[in-house]
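**Student:** If you want the building blocks of each chain, they are given just below.
There are 2 protein chains.
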Amino acid sequence: MSKKYVYFFGEGKAEGNTGMKNLLGGKGADLAEMTNLGIPVPPGFTITTEACIYYYQHKGKYPRGMKEEIDRNLKRLEKTMGAGFGDRYNPLLVSVRSGARVSMPGMMDTILNLGLNDETIKGLIKAMGHERFAWDAYRRLIQMFAHVVMGMESSEFEEIIEEKKKELGIRLDTEFKTPVLKDLVERFKKRVKKRTKKDFPQDPRRQLFMAIDAVFGSWNTQRAITYRNLNNLSHTWGTAANVQTMVFGNMGWDSGTGVAFTRDPATGEKKFFGEYLLNAQGEDVVAGIRTPKKISQLAREMPRVYRELVRIYKKLERHYRDIQDLEFTIQNKKLFLLQTRTGKRTAQAALKIAVDMVKEKLISRKEAILRVEPSQFDQLLHRRIDPKARIKVIAKGLAASPGAAVGEVVFTADHAQEEAEKGRKVVLVRNETSPEDIHGMAAAQGILTSRGGLTSHAAVVARGMGKCCVAGCEAIDVDYDRKRFVVGNIVVREGDYLSLNGNTGEVILGRVHTIEPTLSKEFQVLMKWADETRRLGVRTNADTPKDAKKAREFGAEGIGLTRTEHMFFGEKRLPIVREMILARDERTREKALKKLLPMQREDFRGIFKAMEGLPVTIRLLDPPLHEFLPKVEELLVEITTLKVKKGSKKKIAQKEKLLNKIEALREMNPMLGHRGCRLGVTTPEIYRMQAQAIFEAACELTKEGYKVIPEVMIPLVGHVNELKLTKEDVHRVADEVMKRKKMRINYSVGTMIELPRACITADEIAKEAEFFSFGTNDLTQTVFGFSRDDIEGKFLPAYLEKNVLDNNPFEVLDQKGVGELIEMAVKKGRRARKGLKIGICGEHGGEPESVKFCHRVGLDYVSCSPYRVPIARLAAAHAALKSKKVGK
Amino acid sequence: MSKKYVYFFGEGKAEGNTGMKNLLGGKGADLAEMTNLGIPVPPGFTITTEACIYYYQHKGKYPRGMKEEIDRNLKRLEKTMGAGFGDRYNPLLVSVRSGARVSMPGMMDTILNLGLNDETIKGLIKAMGHERFAWDAYRRLIQMFAHVVMGMESSEFEEIIEEKKKELGIRLDTEFKTPVLKDLVERFKKRVKKRTKKDFPQDPRRQLFMAIDAVFGSWNTQRAITYRNLNNLSHTWGTAANVQTMVFGNMGWDSGTGVAFTRDPATGEKKFFGEYLLNAQGEDVVAGIRTPKKISQLAREMPRVYRELVRIYKKLERHYRDIQDLEFTIQNKKLFLLQTRTGKRTAQAALKIAVDMVKEKLISRKEAILRVEPSQFDQLLHRRIDPKARIKVIAKGLAASPGAAVGEVVFTADHAQEEAEKGRKVVLVRNETSPEDIHGMAAAQGILTSRGGLTSHAAVVARGMGKCCVAGCEAIDVDYDRKRFVVGNIVVREGDYLSLNGNTGEVILGRVHTIEPTLSKEFQVLMKWADETRRLGVRTNADTPKDAKKAREFGAEGIGLTRTEHMFFGEKRLPIVREMILARDERTREKALKKLLPMQREDFRGIFKAMEGLPVTIRLLDPPLHEFLPKVEELLVEITTLKVKKGSKKKIAQKEKLLNKIEALREMNPMLGHRGCRLGVTTPEIYRMQAQAIFEAACELTKEGYKVIPEVMIPLVGHVNELKLTKEDVHRVADEVMKRKKMRINYSVGTMIELPRACITADEIAKEAEFFSFGTNDLTQTVFGFSRDDIEGKFLPAYLEKNVLDNNPFEVLDQKGVGELIEMAVKKGRRARKGLKIGICGEHGGEPESVKFCHRVGLDYVSCSPYRVPIARLAAAHAALKSKKVGK
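The listed protein sequences derive, respectively, from chains A and B. First residue of the first sequence? That's 9 in the numbering used here, and the numbers climb one at a time after it. First residue of the second sequence? That's 9 in the numbering used here, and the numbers climb one at a time after it.
A few of these clues could be false.
The calculated EDC-like cross-link candidates involving lysine to aspartate or glutamate, where the alpha carbons are at most 16 angstroms apart (straight line), are [as the list claims (entries may be wrong)]:
(1) B/LYS639 - A/GLU641
(2) A/LYS824 - B/GLU772
(3) B/LYS651 - B/GLU664
(4) B/LYS658 - B/GLU646
(5) B/LYS665 - A/ASP485
(6) B/LYS659 - B/GLU646
(7) B/LYS639 - B/GLU671
(8) A/LYS810 - B/ASP737
(9) B/LYS653 - A/GLU646
(10) B/LYS836 - A/GLU828
(11) B/LYS529 - B/GLU277
(12) A/LYS639 - B/GLU671
Computed from the model, here is a short list of chain A residues facing chain B with C-beta under 8 angstroms [said to hold, decoys possible]:
(13) GLU730
(14) LEU763
(15) LEU813
(16) LEU829
No wet-lab data here; the hints were simulated from the structure. Here a beta-carbon is modelled for each residue, glycine too, at the ideal position from N, C-alpha and C.
Just chain A, same shape as in the assembly (with noise of 0.2 angstroms):
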């Protein structure tokens, strides 16, 4: 028996269902399953994918039998129709979709009115009665199919109507009369002989197989390509053909057509939501020349088709367990639905409708997990620009950090300090901001950069924050200098009003309102379904008390990263960091840390207690220490202003001295440099007073009856004798701290695994560490060779353009490279220590698709940002179930 390629769907019964979506095509599929659902949809064929992929197989050729099959259902169409393709009197008007088994911008939509020709046009103005309509029908269908089909371009005929309108003196195509459209018709014709030498086939049946082997070859268009090859999409899937009788909701009062959803996508609320336009044609009601009326209006206008839509909507809701988008059309009073799918649906609205659906025991607990999308939460955590609002947006920059915030500008992080003292609410300007700036950073609304992408230092930090942040927006210049900046024609001067919005990257002029978040009921009790279901812990990433408190109230479980450096840049610490670092000898260092010990141990109180009972991870000292000097270039240009203006020597002296010092210790590639634990190597001095700092306050609170639970990191290990090392050092003085104090304390040291070395040879490393956490964003930068802070304004742009790369690897995890790497970690490190504890705190920690892998390759638990923890708590649930599907 040879193959089915083709499948009827009609007369309430179909041979295909929703099952078959990967021979069917997505609607093809559905176009068979509501006909058995007895749903009235317009009877018509499918031809599947198969048909399509051995069509690229055999260049262009149909499999043996298509045709003939295509032949014997088009006659069975007409039977049910009771009307003839190509038939004079009583012609059969057809359409031609494509349909894949996912919907796919960039392939061919729809040809309308095929079957209608100089002969069939007199049928069809006897059969509907209508002139006009059936010309232009006519016209509509010569327009698109030679685009569409002959390859002309659509221009040229709307050239020809311009020229018509010109002739006339009309504005709108409605104002042509029947007659016009009868020669446009003519014209068209002609135009299409003269561009393609072929007139337009005025053969029914040639028409359908032209039309078909246009949908075919869709499927390998340019824009079609690379949506798959951006989506990660099968070139090998093939589309299907949908060949379907055409309705018309342009037949008069008793007709029309419109769009629905079983739900309000919005707010999710349960109620029949959507919009029709009588007399209309579907793009009618896109188009937005008539203002569609609401759905319940059909109530009064047609009340029994509208009980009927009720009745078709719930039937359809409740055989696809999930909100679904309608599309329908009235001819002469009856109703056809011409396409249900699933409803796109805001963040809110998904939370409210999978949890409306589990109450409704449409849908299980676990399915309710998977409708929402965890990526969606952004939105539903950060305060919001109120989307009534009239604004006017000045720039466009990345969408950094999500949120909005409203303010003055200042342009310096001590300004941005200084005004949130005194109360006033302020947005820092920058071209780009560095460690120096966390202190404005802090104090600001939010953020806005001339410079640098979406992992910039403003990016991260703002993230880490949870501060709204709009990055690289290139098209502000500023000034330091006048207090100033301009974009086009418009100057923004300090104090003026400024408002940001980081969902959207949006910069506007003035003051706008902004609304809270709520989180939702909805959002508590699937969140706590999420957490019943997921295997990974989740974390947070957090320096200060501050953000530990936010995080736990969003879940956090602990501490994955506590980085100590962002204590050292405070405006009283800084200056005896920097004692600390050009100390001359060991006693002047050991005085300066003196002095900056019992800082970090109110840091660290602070902190342990936030997170009362739960772990706390703490890395020790991780940049180089000539991040916290004063840069090169501006001592460069004082010391060359004095010896110009001939000023004092000593004072030049002292400028040179301290030039050169900051020279000996500046790196080509600070990056690659002497940080993290070459620091605890070199200078062991740093790490034992954190350490002494860490044990003092943890003993501390004890005693006052807190629970502690710190756990000490050493940053950027790549060889298991630097762990070895400074390992020893943390216990000495644990040991010192505790014998002080009386009493012991429970702690762990463990290690940051950040480089491919420590993955390789993460086997020794464990027998030294008593846990891991992966740093993927070092480990990224080294394992890719990029550096992050430069990748944005550089090649990324033209990789990600060119497909290089498919996502920003900063943002995404790289699976196949970096990943491979924690995956080998993983198991090297759990089979030198059994049950070692390992987790990840790069930005990673808070991104879907990486915690799905997290999951996957056996990670105890991921640590970001506050405002990801809800992410990333249902992105580990998802994972877990998804994991379980595939039988894992």
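The hints should help you fit chain B onto chain A, whose structure is shown.
**Tutor:** Just chain B now, kept in the frame of chain A:
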């Protein structure tokens, strides 16, 4: 039967032999071997390493039966010698020495004269007839024993001796008369008692066992442990203890002592070589108070003894089949051999001895190859300071590149070039060098820098050029403004003569005589054998025709790496390169590239010609473009100066524009920046120009009759798509050129594997690459997260000192980390493309241990700087021979 812990040797027969080094230690096994050979060796016995291991495992206890075994062997020794241990009339005296399986500094050396006490000394005096000698022996025993066994400071006894000298007003120990020595013995004994609260042991047996304990104890002194850590020796081996009858070379003019080599260890000449002193102890020969006589004189002074010695040395050399280093003592005309071991030799001697011994049929060619250490070759291939020259060393830096240089001091690259063009020889002195200094380095005889380490720019480039370099000489203080450098109180001015010794790092004032390297006949012979033995190919890294020719002379079989960027730094080119980089638009850029094209074509013509018939791998442009631009700091000083001086506004604006451009291109971490194939993706015009130059040169030369084999190498690929994109460009250009020239040439396109991600995804990359070449410099940087430009001045010294690392991983390949990724890449690459050609072109390609690794993992070739080619050839032969040994 209990284990045997003591092995006797004497009376022409020994229980051990040379094959038992693990059990008896090197010294013990060879004493046994000599005994068995019938060579007169003072009899004695060896306590095994197993006894030592037991001793450590049981907290200082001897294994059962060992003490009795020692007593039995002592009896046997007494019988053999006809003397009694502790016998007051005819005392037996013994020495105790440690001896592990390999010679190891830091362990106890020797205690002599054991068996002497207040009673036996009388017997000794009688037996020897020499009172002064006996008392001197006794006071030496106490001094040595108290120090080595009882833990006292040697200085305590030196003090007493100094006091005594002052008392008597004499200068030398040898002037002490017998009564004085008697008094010293008393004072020594008192000091021992006072300090240790114990008497110097009078019981000889007690002396003996205490000495054995001391030998065992010396295995675990800090120095011995450190030495083993540094040399990767096992701590579990333990040491043997050798107890041997004393013989005395200072018993009159019919006694003596000496050391000898069976061939000349400096030249390898086959002649007996050594020195001796009559009436002297071993230490007198070493101490240099008396001038020893040449061994040939012994033939006249003691013809019988000399004849016996000649007979013995020949026997030993024949037996051990290698040059031997002997120690002997003559006691009353009787000859005793105290030690034989493999003699250390110079590179020149090693070569000659190896080749000679093959001729003498003593060893096979394979053995000959293994007898010469590849790392020694560096000495042979460069000019060197005449060893006879009298020199004034004013400072010492790192021996960064071997050879010798003599010339007038210059401080800038331009000046170096100018002077060289006038025919002057110059030494370039800089704080550090950068790519802009290349022309000056090429023009200079040698380079001296005050900063930077063995892998600094100066060092790497100089080694590549085969040019002498002393780097990181921190003692010199360079003052560019005053054109001089200062070291201590010596001022060296521009134009002063300076000499450098690149083998030692010495900086020498004035002109020193240097001698040419002579590649001996034996060198050529041995290299031929090596070439017949090795499997690995050896290529060279060369950027100029000159280097390529040199490398060919040294046996290179092609070029593994031509760095095209060095060609961009030429004086005439740099302005055009800058024009190209700063181009406003593509057209301007193309214009600049058009100017570069003929220059690049000439470059490639030269190199192809020099390497005619052999493959030439050309790497397309690699460094980030900002490396070619002026330095920000310099520009900043200029601009500031102009501003303060209120200079021309136009000029300031111009310079500021340039500064902005440079700053926009500048990167935080250029090593991880916009370079390599990333340039090829974003600015394809550059690679296209280079490809055009390559293929035009190749086509032209082929037409002229040359055989050209170009291999185009795309650098820094981390993702297969990068290679795909850039490779397509190269093919396109190649096709275009060949079509135009109406011919086809064979070429291949491959990639450098220098990023972890390239190793991990080598299977994907191999599908697109026709060859791999490991860039282990960058791979080491990314695997460790070390910046090669920064590491040496920063934490590397501490890492080596604290044993965090055994080696600088930029010199010796890190097999555990970097090596594992290389192995992974080789496996994955060859799995995806059978027979994939794989080489290495990092600095490691000329380092013997790394070459062995390359052989082991199956690379096709190594590529290194010209002067390292012979090293690599020999190392490759070693690798082939050694891997066969273990049956691989």
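**Student:** Hold the hint about A/GLU730 up to the distance rule: shortest CB distance to chain B must be less than 8 angstroms.
**Tutor:** Because about 6 angstroms separates A/GLU730 from the closest Cβ in chain B, which is inside the 8 angstroms limit, the hint holds.
**Student:** Given the hinted pair A/LYS639 and B/GLU671, is their Cα-Cα distance within 16 angstroms?
**Tutor:** It holds: about 14 angstroms lies between the C-alpha atoms, which stays within 16 angstroms.
**Student:** Check whether the Cα positions of B/LYS659 and B/GLU646 lie no farther apart than 16 angstroms.
**Tutor:** holds (11 angstroms)
**Student:** Just to be careful: measuring from the Cβ of A/LEU813 to every Cβ in chain B, is the smallest value less than 8 angstroms?
**Tutor:** holds (7 angstroms)
**Student:** Quickly compare the C-alpha distance for A/LYS810 and B/ASP737 to 16 angstroms and report which way the hint goes.
**Tutor:** OK: A/LYS810 and B/ASP737 at ~14 angstroms, within 16 angstroms.
**Student:** Just to be careful, I want the Cα atoms of B/LYS639 and A/GLU641 compared with a cutoff of 16 angstroms; is the pair within it?
**Tutor:** holds (11 angstroms)
**Student:** Is it true that the CA of B/LYS529 sits at most 16 angstroms from the CA of B/GLU277?
**Tutor:** holds (14 angstroms)
**Student:** Using the nearest Cβ pair, does A/LEU829 come within less than 8 angstroms of chain B?
**Tutor:** holds (7 angstroms)
**Student:** Given the hinted pair B/LYS651 and B/GLU664, is their Cα-Cα distance within 16 angstroms?
**Tutor:** holds (11 angstroms)
**Student:** Compare the distance between the alpha carbons of B/LYS639 and B/GLU671 with 16 angstroms, and conclude whether the hinted pair is satisfied.
**Tutor:** holds (10 angstroms)
**Student:** For a C-alpha distance cap of 16 angstroms, please report whether B/LYS836 and A/GLU828 respect it.
**Tutor:** It holds: about 13 angstroms lies between the C-alpha atoms, which stays within 16 angstroms.
**Student:** Would the pair B/LYS653 and A/GLU646 pass a check requiring their Cα atoms to be no farther apart than 16 angstroms?
**Tutor:** The given pair, whose Cα atoms are some 14 angstroms apart, holds under the 16 angstroms limit.
When the structure is compared with the earlier hints, no violation turns up for any of them.
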